[in-house]
Amino acid sequence: MSSHNDEKRSVDDGGTKTDETLDEEPEEYPSNHKRVLIMTALYLSLFLVTLDQNVISTAIPRITDQFHSLNDVGWYGTAYLLTMCSFQLLMGKVYKYYPAKPIFLAFCLLFEIGSAICGAAPNSNTFIAGRAISGLGSTGMFGGVMVILFYTVPLQQRPIYQGAFGAVFAIASVIGPLVGGSLTDHVTWRWCFYINLPIGGVSMIVTMFLLHMPNQKLDPQAEGWYGKIKQLDPIGNLAFFPGIVCLVLALQWGGTEYSWKNWRIILLIVMCALLVGVFVGLQIWKGEEATIPPRIIKNRNVWASVVFGFFNGAGMMVVMYYIPIWFQAIKGASAIHSGIMMLPTILATVISMIATGVLISKVGYYAPFFWLATIVTPIGAGLFTTFTPSTSSAKWIGFQILYGVGLGFGAQQPLTVVQTVLARPDVAQGSALIMFTRFLGSAIFLPVAQTVFINGLVKKASNISGIDPNAITHAGATELRNMASGNELKLLLGDYNDALVDVFYMVTATSCMSIIGCIFIEWKSMRTKEGSQAGKNVEAGVAAEV
130 MSSHNDEKRS VDDGGTKTDE TLDEEPEEYP SNHKRVLIMT ALYLSLFLVT
180 LDQNVISTAI PRITDQFHSL NDVGWYGTAY LLTMCSFQLL MGKVYKYYPA
230 KPIFLAFCLL FEIGSAICGA APNSNTFIAG RAISGLGSTG MFGGVMVILF
280 YTVPLQQRPI YQGAFGAVFA IASVIGPLVG GSLTDHVTWR WCFYINLPIG
330 GVSMIVTMFL LHMPNQKLDP QAEGWYGKIK QLDPIGNLAF FPGIVCLVLA
380 LQWGGTEYSW KNWRIILLIV MCALLVGVFV GLQIWKGEEA TIPPRIIKNR
430 NVWASVVFGF FNGAGMMVVM YYIPIWFQAI KGASAIHSGI MMLPTILATV
480 ISMIATGVLI SKVGYYAPFF WLATIVTPIG AGLFTTFTPS TSSAKWIGFQ
530 ILYGVGLGFG AQQPLTVVQT VLARPDVAQG SALIMFTRFL GSAIFLPVAQ
580 TVFINGLVKK ASNISGIDPN AITHAGATEL RNMASGNELK LLLGDYNDAL
630 VDVFYMVTAT SCMSIIGCIF IEWKSMRTKE GSQAGKNVEA GVAAEV
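Residues in the sequence shown are numbered from 130 upward in steps of one, following our numbering.
To be clear, the hints were calculated from the coordinates, so they are not data collected in a lab. All C-beta atoms, glycine included, are put in the ideal place defined by N, C-alpha and C. Errors might be hidden in some of the hints.
What follows is a list of derived Cβ distance ranges for each label pair [to be verified]:
| # | residue 1 | residue 2 | range |
| --- | --- | --- | --- |
| 1 | Gly410 | Glu386 | 40 to 48 Å |
| 2 | Ile480 | Ala638 | 41 to 49 Å |
| 3 | Ile465 | Gln195 | 16 to 24 Å |
| 4 | Leu339 | Gln195 | 37 to 45 Å |
| 5 | Asn584 | Val399 | 19 to 27 Å |
| 6 | Val487 | Met337 | 25 to 33 Å |
Distance condition first, Cα-Cα at most 30 Å in a straight line; then the derived BS3-like pairs of lysine-lysine [unchecked claim]:
| # | residue 1 | residue 2 |
| --- | --- | --- |
| 7 | Lys619 | Lys589 |
| 8 | Lys427 | Lys415 |
| 9 | Lys588 | Lys390 |
| 10 | Lys589 | Lys390 |
| 11 | Lys359 | Lys427 |
| 12 | Lys346 | Lys357 |
| 13 | Lys357 | Lys415 |
| 14 | Lys460 | Lys588 |
| 15 | Lys230 | Lys346 |
| 16 | Lys619 | Lys524 |
| 17 | Lys359 | Lys460 |
| 18 | Lys427 | Lys346 |
| 19 | Lys619 | Lys163 |
| 20 | Lys588 | Lys619 |
| 21 | Lys357 | Lys230 |
| 22 | Lys359 | Lys346 |
| 23 | Lys390 | Lys460 |
| 24 | Lys427 | Lys524 |
| 25 | Lys460 | Lys589 |
| 26 | Lys460 | Lys357 |
| 27 | Lys230 | Lys415 |
| 28 | Lys588 | Lys524 |
| 29 | Lys230 | Lys390 |
| 30 | Lys390 | Lys346 |
| 31 | Lys415 | Lys163 |
| 32 | Lys460 | Lys346 |
| 33 | Lys491 | Lys346 |
| 34 | Lys415 | Lys359 |
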């Protein structure tokens, strides 16, 4: 289906922008101060979504106490993850045909409704339903932020704002458990979710009144309800949704609820493979009408960014989960103090992301920063494997800084790539694909990390007399020192440290694997010609090849 003369898009070139974009009319962008206000509101919504993923970890004990629902703990995180991952690709299709502002606000409202349900939940089942609704709302919010950024920020300034995007994500990922713990201890766990309502309301109001997108160009909608539904690839998504559900459930349950050899886990993995295979086949068959048109994923820069983002995002989330465990178990830090001890990673990542965005805007090329990320991040992750119970503060601070700088170099570059090399109508789908694969990397490697850690710990601790390995795995990291003393504690700490180091070896491997994507990233210029009037820009020559 063509749109606006295919936006001067060449299908043979995978939807890549060409020099023909030089002929486009100047696009109107908001003034600088209005742009900052709009993006701040969007970042606020993004902060809440990311916070909501992590805030629950320290609130779960109180929730299970009130609902008497220890068996439902797995669903508190899984319900959110299921809807967030399953609908991510569909959002790219929705934002291609429908105006971004009302769609984004609708999903913000859905997220708020889910938060209100969680906060007011009288029982565990209602709470789980609220988590699923919040996860669905977050899907549209993530996709909306990327699309709105595309139409609100000139191309050459986007790396700066995308760097801030990553910084918000990193900060919220770490302080989530701290906020959850503080609210749970000093107010009530329900405020972990009620807090989203006033803050999210402010974000929605600012977006509602300040955001105007006269330059958003949409593909034509089909006639009638049947045509509109058909346009969203319902058959493909009906295969994709249950496929992702099977994958997430297998990853969440495997090695915890059931053995990886259990027939339930095997069946889920087989069903996932079959359903995703059907989805891929349908995408190839449907072509331009697919959820993700094959020409987009065939674009060298897009699939390279997908691979890079998959491994980069996977390693980052594993570190965010397991470094605090090392602090709590090995260094005896409290949950809150371990969050403070993570500040070197967070500050280094945030500063590096923002600085990288500024530098890309200045030099006009993002490819060098892919290489810097591919070199520095594995070095930082590799240094984590040298951790011992006696590792000094100078070392764990320095190692975190190095790893954080590496993350900052590359975390947001895949999104920069798709917004640079894809034609206007394809940006929403390209961004959705990048976000989905980052979430998928986390969803796959976090359970893998857990399996590596638990299996290693049980194997190592079984050699210590008087210690029950299964009791250790069920105890929290902060309870470790109450389970042994003297020489037994010293041996136990050593084994616990070695099991965590096994996880850091896995992070090092995933960080190294990002080179597969890096080597295929082309050197594309982000230079633009600015319009003669203030607030107007011409996106020109964005794919000029060096």
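Results for each hint:
Restraint check, Gly410 to Glu386: a C-beta distance of roughly 31 Å breaks the suggested window 40 to 48 Å. A C-beta distance of roughly 26 Å is found between Ile480 and Ala638, which places it outside the suggested range of 41 to 49 Å. Between Ile465 and Gln195 the Cβ separation comes to about 22 Å, which falls inside the hinted range of 16 to 24 Å. Take Leu339 and Gln195: their Cβ atoms lie about 40 Å apart, and the range 37 to 45 Å holds.
At roughly 23 Å, the beta-carbon separation of Asn584 and Val399 lies within the given 19 to 27 Å, and the hint holds. Checked against the hint of 25 to 33 Å, the pair Val487 and Met337 passes, with Cβ atoms roughly 30 Å apart. Proximity of Lys619 to Lys589 is assessed by CA-CA distance (about 13 Å); at most 30 Å being required, the pair is judged to hold. Restraint check for Lys427 and Lys415: satisfied, since their Cα atoms lie roughly 15 Å apart, inside the 30 Å limit.
Restraint check for Lys588 and Lys390: satisfied, since their Cα atoms lie roughly 19 Å apart, inside the 30 Å limit. Among the hinted pairs, Lys589 with Lys390 is consistent with the structure: their alpha-carbon atoms are about 22 Å apart, no more than 30 Å. In summary, the hint linking Lys359 to Lys427 is supported, as the alpha carbons are separated by about 24 Å, within the 30 Å threshold. Our distance criterion of 30 Å between C-alpha atoms is met by Lys346 and Lys357, whose separation comes to about 17 Å.
With a CA separation close to 16 Å, the supplied pair Lys357 and Lys415 stays within the 30 Å bound. For the given pair, Lys460 sits about 22 Å from Lys588 by alpha-carbon distance, which is consistent with the 30 Å threshold. For the given pair, Lys230 sits about 13 Å from Lys346 by alpha-carbon distance, which is consistent with the 30 Å threshold. Distance restraint check for Lys619 and Lys524: the Cα-Cα separation of roughly 21 Å lies within the 30 Å cut-off, and the hinted pair is therefore satisfied.
With a C-alpha separation of about 56 Å, the suggested pairing of Lys359 with Lys460 is violated against the 30 Å cut-off. A threshold of 30 Å between alpha carbons decides the hint, and for Lys427 with Lys346 the separation of about 24 Å falls inside it, so the pair holds. Our distance criterion of 30 Å between C-alpha atoms is broken by Lys619 and Lys163, whose separation comes to about 58 Å. Taking the CA atoms of Lys588 and Lys619, the gap is near 17 Å; set against the 30 Å cutoff, the hint holds.
As the CA atoms of Lys357 and Lys230 are separated by approximately 19 Å, the hinted pair is consistent with the 30 Å bound. A C-alpha spacing of about 21 Å is found between Lys359 and Lys346, which places the hinted pair at or below 30 Å, so the restraint holds. For the given pair, Lys390 sits about 35 Å from Lys460 by alpha-carbon distance, which is inconsistent with the 30 Å threshold. Using a Cα cut-off of 30 Å, the hinted pair Lys427 and Lys524 is violated, with the two alpha carbons roughly 43 Å apart.
At roughly 19 Å between alpha-carbon atoms, Lys460 and Lys589 fall within 30 Å of each other, so this suggested pair holds. Our distance criterion of 30 Å between C-alpha atoms is broken by Lys460 and Lys357, whose separation comes to about 57 Å. Among the hinted pairs, Lys230 with Lys415 is consistent with the structure: their alpha-carbon atoms are about 28 Å apart, no more than 30 Å. The suggested pairing of Lys588 with Lys524 holds, with an alpha-carbon distance near 28 Å, which does not exceed 30 Å.
With a CA separation close to 47 Å, the supplied pair Lys230 and Lys390 exceeds the 30 Å bound. Between Lys390 and Lys346 the CA atoms are separated by roughly 50 Å; this puts the pair beyond 30 Å, and the hint is violated. Between Lys415 and Lys163 the alpha-carbon distance is near 41 Å, which puts this suggested pair outside the 30 Å criterion. Among the hinted pairs, Lys460 with Lys346 is inconsistent with the structure: their alpha-carbon atoms are about 55 Å apart, more than 30 Å.
Distance restraint check for Lys491 and Lys346: the Cα-Cα separation of roughly 28 Å lies within the 30 Å cut-off, and the hinted pair is therefore satisfied. With a C-alpha separation of about 11 Å, the suggested pairing of Lys415 with Lys359 holds against the 30 Å cut-off.
The structure shown violates the earlier hints numbered 1, 2, 17, 19, 23, 24, 26, 29, 30, 31, 32.
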